[in-house]
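**Q** Start from chain W and add chain E according to the hints.
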Amino acid sequence: MSTKQQGFAVLDAFVAMVVFAIATAGFSTALYQLQASAQTQSSRRIALSLLDDLAQRLLIHDARFGSASRIAQSPWPPATRDLKGLANCSATPCHAADFAAANMAEWATKLEERMPTATVSMVVVGGWQHWVLTARNMTFELWL
Amino acid sequence: MTPTAENQGSTLVGLLVGMAIGLLIVGLGIQSLTHVIAVSSRHATRNEAAESQRVASRFLGLQARAAGGLQPISLSDRRLISPDAAALLPTDVGAAGAVLNVAHPDTAGVDALDCLGRQKAVGGQIQSSFWVSGGSLRCRPSSETANQPLSNGWSNLSGEAAVATPNGIQWVGIGTLPTNAAAVLGYRLCLTATQSSHDDSPAQTCADVHRNRTPWR
Numbered sequence: 378m379s380t381k382q383q384g385f386a387v388l389d390a391f392v393a394m395v396v397f398a399i400a401t402a403g404f405s406t407a408l409y410q411l412q413a414s415a416q417t418q419s420s421r422r423i424a425l426s427l428l429d430d431l432a433q434r435l436l437i438h439d440a441r442f443g444s445a446s447r448i449a450q451s452p453w454p455p456a457t458r459d460l461k462g463l464a465n466c467s468a469t470p471c472h473a474a475d476f477a478a479a480n481m482a483e484w485a486t487k488l489e490e491r492m493p494t495a496t497v498s499m500v501v502v503g504g505w506q507h508w509v510l511t512a513r514n515m516t517f518e519l520w521l
Numbered sequence: 294m295t296p297t298a299e300n301q302g303s304t305l306v307g308l309l310v311g312m313a314i315g316l317l318i319v320g321l322g323i324q325s326l327t328h329v330i331a332v333s334s335r336h337a338t339r340n341e342a343a344e345s346q347r348v349a350s351r352f353l354g355l356q357a358r359a360a361g362g363l364q365p366i367s368l369s370d371r372r373l374i375s376p377d378a379a380a381l382l383p384t385d386v387g388a389a390g391a392v393l394n395v396a397h398p399d400t401a402g403v404d405a406l407d408c409l410g411r412q413k414a415v416g417g418q419i420q421s422s423f424w425v426s427g428g429s430l431r432c433r434p435s436s437e438t439a440n441q442p443l444s445n446g447w448s449n450l451s452g453e454a455a456v457a458t459p460n461g462i463q464w465v466g467i468g469t470l471p472t473n474a475a476a477v478l479g480y481r482l483c484l485t486a487t488q489s490s491h492d493d494s495p496a497q498t499c500a501d502v503h504r505n506r507t508p509w510r
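Read top to bottom, the protein sequences are chains W and E.
Residue numbers for the first sequence follow my numbering, beginning at 378 and rising by one.
Residue numbers for the second sequence follow my numbering, beginning at 294 and rising by one.
Only chain W is shown next, with the shape it has when bound in the complex:
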């Protein structure tokens, strides 16, 4: 056989495989980053939505019972997350403690459903509640 019909050398095949592997790895990395970015955006959107919902709930408490009542009656974590034993405030009006308990239990349930891996903390600083929600290495704060 002459040198013109030798076919591919092992080196050629190896180079082709390396090129193919690099291309595949690059494609996979791009795909992974795309997915990770989308998940991060989704988590950010959900976290902000949850914190906004929390703020609205607490402000409704404020509007009727005042900030001091809200701070005293809305601890975190809530005393219970079981909604069955709590007043739903639909059949009869709720006083501050019942309203806050139901409010926080509902929000805690919502948090668990939408962001089960998120962690939430709250401390009272100078008459303000400082809420911190952490999810996917992102931190969101709410002062109220």
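To be clear, the hints were calculated from the coordinates, so they are not data collected in a lab.
Derived coverage of chain W by chain E (criterion: at least 3 residues anywhere in the stretch with Cβ under 8 Å from a Cβ of chain E; other residues may be distant): (1) 415-422; (2) 426-434; (3) 453-467.
Among chain E residues calculated to face chain W with C-beta under 7 Å, some are: (4) H336; (5) T458; (6) N460; (7) I462; (8) W464; (9) L478; (10) G479; (11) D501; (12) V502.
Remember, it's a predicted structure, so these values are computed and weren't measured experimentally.
Just so it is clear, CB atoms sit at the ideal spot from N, CA and C, and this is done for glycine as well.
**A** For chain E alone, kept in the frame of chain W given last:
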């Protein structure tokens, strides 16, 4: 003709191996492409649902938060929401679920706008109605006869109002507000999606909306 060394071509084994490798590569490519298309489709659907939710929340939230909120409201002041407002607003709109009627006194200033962003008062009030029909969240200012679709992909609107009473707070359905429901502290509005757009998209989106106003006394 006997093949010479120059034109003997490929062997059957060579062809088979080449075809197998080619098929493998094409298979992997198709699989990757399918995956990318599926992910892209999911992202597009999710973004569309999220955008739809954002638009709905923005319109409902702006109106509900600002309803009558620029003036102190007493328990006898019923200008804020239905049923007074309902007298000037549509009652039979083929709504799936409830109709949310929101009104602002037209003396509330430049911040009081109807759901189309205008200041057209009727009967001393700037009023808007929201409801879901035909898969869309729709709004109609009382100054208009036609409605405007705001956001698509919804099958139902429901909600409750947090009403201040001497004994505390009571949640009351927005369709059955009592006549002394002036002291509405906020709303809990729920939009039900036509179909769940993605595994992590809830079929129903509910949010509490606090109404900006002087605290009830």
